[in-house]
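Undergrad: What follows is the residue order along each chain.
Protein chains: 2
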Amino acid sequence: MHPPIDFWFEFGSNYSYLSVMRIEALASRAQVALRWKPFLLGPIFRELGWQNSPFNEQKEKGEYVWRDMARRAAKYGVPFTRPSNFPRRALLPLRVALFGAEQPWMGEYCRRIMLRNWSQDAEIDNDETVLAALGGLVLDPAAVLHAAQGEDNKAALRAQTEEARRLGIFGAPSFMVQGELFWGDDRLEDALEYAQSLA
Amino acid sequence: MHPPIDFWFEFGSNYSYLSVMRIEALASRAQVALRWKPFLLGPIFRELGWQNSPFNEQKEKGEYVWRDMARRAAKYGVPFTRPSNFPRRALLPLRVALFGAEQPWMGEYCRRIMLRNWSQDAEIDNDETVLAALGGLVLDPAAVLHAAQGEDNKAALRAQTEEARRLGIFGAPSFMVQGELFWGDDRLEDALEYAQSLA
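Quick note, the sequences are listed as chains A and B, same order. Each step along the first sequence adds one to the number in our numbering, with nothing skipped, and position 115 is 115. Each step along the second sequence adds one to the number in our numbering, with nothing skipped, and position 123 is 123.
Be aware that one or more of the hints could be misleading.
Because identical chains share one entry, a pair is satisfied inside a single copy or across any pair of copies.
Unchecked claim - Derived pair list, reagent style BS3-like, types lysine-lysine, alpha-carbon separation capped at 30 Å:
| hint | residue 1 | residue 2 |
| --- | --- | --- |
| 1 | K59 | K75 |
| 2 | K75 | K154 |
| 3 | K75 | K61 |
Hints listed in this document are in silico derivations from the structure and should not be mistaken for laboratory results.
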């Protein structure tokens, strides 16, 4: 058995979008177990001294990133529209993601939320979006939404974000395989190969 | 005929090291003409507001980068030792690189300088290193060293750095194919594929 891959991601993170769209199929093909690790990127960036996405703080890099995103999305066959608001708040959908992280609907839920942000250029941090994304995936979307907003689950998302910090994660997406950190959608294949190289 | 690939690099830049070691063979195989564009990263970073490498300015990312470098180098079969001094000054070898950019010895000269920095963990901004790197590649290394330090060539390196800035280049390595910018060693293959896609 290979060790699992831990997938640390944020719905507001553009390169996380590419990984959310790709990882379930790639991990399955590689026969590597996938563990979804949603977390809040904002507190991490603030601790690193940034008040905004580094892509917004550096003009040149910021402009480049959207070209790179368009090219990478095309390469992977993933739809992409440059969002009119970046980075988008994602607290509520992240709470639901944490709540559902081990559920069979997790992958499809995450892809739906991501497509709304990165393909439909729409806000995601609201009840309607989350309920729509859960539609057809769970019997009672409203009950899931309610549970995700419980104090325990809110605290669990904060704790997961602190765990990311403790692990040395400084951006998203990040992949952790038996203590080895890989950062960026363009390291996803490397992370899976590393997991495959371990017994 | 495909358009050429312009390769913007710095001897002090770690990811430039990987590209210098890989690009000549990859471009040749892709039948894409390669144009070497050495430039000074220091002035670019200072204009972006950094006094040092961003890898030194951000502790978490800095630590990660050396793990990533070791893994990438192993993946490519390129030797790598984490340098005890980073980033290393590279003004003199860059002047020689600019002087020789269109010479047949350019690729091998650059690889030798890079190996000294990133495999042998040695300083590179001195006469001895540059003369040794030119040894066997040119008839008269001392004459090349002298010419590279002429006022014209010094001014040309400053001008090339300003050209990088004008093109929107904010880091190294960068690849430019008919106005399309690709940033990072991990985009080298994409840049070559893009060149191949153009008539």
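Undergrad: Decide, hint by hint, whether the structure agrees.
TA: Results of checking the hints against the structure:
1. K59 <-> K75: Classified as within; 25 Å inside a copy, 32 Å across copies.
2. K75 <-> K154: Answer is neither: 37 Å inside a copy and 41 Å across each miss the 30 Å cutoff.
3. K75 <-> K61: both (20 Å within a copy, 27 Å between copies)
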